[in-house]
Amino acid sequence: MLKRRTDLALEAAQLWQESAGEAGTLPGVESEESTREGYPVTTVRIRDEAGARALGKPVGTYVTLELDGLARREEDAFGRAARALAAELGALLGLEPGAPALVVGLGNRAITPDAVGPGAADHTLVTRHLIDQAPEHFGDFRPVAALAAGVLGTTGVESGELAQAVAGKVKPGCVIAVDALAARSLDRICATVQLSDTGIVPGSGVGNHRFALNEKTLGVPVIAVGVPTVVDGATLALDILEEAGRDDLDPAALRGVGGSLMVTPRDIDQRVKDMAKVIGFGIDLALHPRLSVEDVELFLS
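All letters in the sequence shown, in the order written, are residues 0 to 300 by numbering that gives the first Met the number 0.
Since the hints were made in silico from the structure, they are not lab data.
Careful: at least some of the hints might be erroneous.
To be verified - Okay, derived cross-link-like pairs now, DSS-like style, lysine-lysine, Cα gap no bigger than 27 Å in a straight line:
id: 1; residue 1: K168; residue 2: K215
id: 2; residue 1: K272; residue 2: K215
id: 3; residue 1: K168; residue 2: K56
id: 4; residue 1: K276; residue 2: K170
As the list claims (entries may be wrong) - Cβ-Cβ distance ranges computed for the label pairs, FRET-style:
id: 5; residue 1: D121; residue 2: R52; range: 18 to 28 Å
id: 6; residue 1: G27; residue 2: K272; range: 35 to 45 Å
id: 7; residue 1: E32; residue 2: R52; range: 33 to 43 Å
id: 8; residue 1: L240; residue 2: G93; range: 38 to 48 Å
id: 9; residue 1: G55; residue 2: A164; range: 43 to 53 Å
id: 10; residue 1: A133; residue 2: P96; range: 37 to 47 Å
id: 11; residue 1: K272; residue 2: G55; range: 26 to 36 Å
id: 12; residue 1: R289; residue 2: G37; range: 16 to 26 Å
id: 13; residue 1: P288; residue 2: E31; range: 17 to 27 Å
id: 14; residue 1: E73; residue 2: K272; range: 13 to 23 Å
id: 15; residue 1: E293; residue 2: P39; range: 34 to 44 Å
From a predicted model like this one, the values you see are computed outputs, not experimental measurements.
Every residue, glycine too, gets a C-beta built ideally from N, C-alpha and C.
Put together the whole structure using the sequences plus the hints.
Take a look at the structure:
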């Protein structure tokens, strides 16, 4: 069977279960469901190498928030989403009070589905310089620095190498890396956020694997924040054919078709802007727990 492509641990577990059938038991993987601020939260924990091989993901914790209420413009959808993201992110960070943090926005501003990382960095409350310059006003804030690393094609430098250099100078207690991902389902485009404590490989969402950002390369824990902005063309075609009753299709018939095609909605511009702001505000609230959404809006305005 042609393998579907996804960067989401939740979808990878669902795909494994589909292939194994009802009797299959996913080895080395635990999953639990909850809610946060009215949004569904699924936590997938890959405990050992057997689970890592089954899902094709490193051992670690993967938290998926389903924020579809944003698109429906539900009451206080933005505030609830930012607070939910902050709570889950804060639990993964486990930072000591006052420990510095570095936020790295990965991606290319010139390509809309890849711009969520730089957009989130724009909404990050940076305080490292303010603490030094105005300690009477910002002395109680956590030192936070942000980097929109760009991409190799426009800078000539791997974004991971830039993050490594900046981390060496800033010496953060952790790095939060934001990047775009690929999902199996169009319904998850800019409606889902995945948090993980395993780091991230820039460009993996579109199959362009680069220098990894993780604890091994940066020397500090790296929390990845990923948002699916595209669906692989071949994966989407196969799912559509199965829905139409063509689940007996020879996988070879799709080989080479849509291999480099990524599908995204027509309103991706607004969706990316919305999600970048949610992520930026969620990071701000996680790093500065005493602030409210309104406080962050005021500081960034």
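Broken hints, by number:
2, 3, 5, 7, 9, 10 and 15
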